[in-house]
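**Student:** Turn these sequences into a full structure, and let the hints steer you where they fit.
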Amino acid sequence: MAGEQRVRRIPVRQCLGCNEHLPKSSLIRVVRSPEGEISLDTTGKKSGRGAYICKKASCFKKARKNGRIASTLGVAISEEIFDAIEAELSAQE
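Each residue of the sequence shown is one higher than the one before, counting from 16 in the numbering used here.
Treat the hints loosely; a few may be bogus.
What the hints assert, rightly or not - Listed below are the simulated DSS-like cross-link pairs for lysine-lysine, each with C-alpha atoms no more than 30 Å apart in a straight line:
hint	residue 1	residue 2
1	K60	K77
2	K39	K60
3	K71	K61
4	K80	K39
5	K70	K39
6	K80	K70
7	K70	K60
8	K61	K39
9	K60	K76
10	K80	K60
11	K61	K76
12	K39	K77
13	K76	K39
14	K60	K71
15	K61	K77
16	K71	K39
17	K80	K61
Don't read these hints as lab results, they were simulated from the structure.
**Tutor:** Structure (structure tokens):
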């Protein structure tokens, strides 16, 4: 079909806090690297298992309280790591 432009599909992910399906670009990815290190992935390109949350601190707190981030990443996460991620999120707001 000449002249038709392809419509690009926008990747959608579910927030672990509010359970809303949102475009991947509007979410923040928490990643577990192959070495087991937990960090924020602002670029969305780090290798490893990812969990997505909204850019709202309330969504992060809800996902942290319910243990959804740790269960999605398949690893126990210490309070220090959670506190560091929360501080990094607050700095981005």
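**Student:** Hints first: check each against the structure and report whether it holds.
**Tutor:** Hint check results:
no., hint, in the structure
1, K60 - K77, "holds (25 Å)"
2, K39 - K60, "holds (12 Å)"
3, K71 - K61, "holds (21 Å)"
4, K80 - K39, "holds (23 Å)"
5, K70 - K39, "holds (11 Å)"
6, K80 - K70, "holds (16 Å)"
7, K70 - K60, "holds (17 Å)"
8, K61 - K39, "holds (14 Å)"
9, K60 - K76, "holds (24 Å)"
10, K80 - K60, "holds (27 Å)"
11, K61 - K76, "holds (23 Å)"
12, K39 - K77, "holds (19 Å)"
13, K76 - K39, "holds (20 Å)"
14, K60 - K71, "holds (21 Å)"
15, K61 - K77, "holds (24 Å)"
16, K71 - K39, "holds (15 Å)"
17, K80 - K61, "holds (25 Å)"
Checked against the numbered hints above, the structure breaks none of them.
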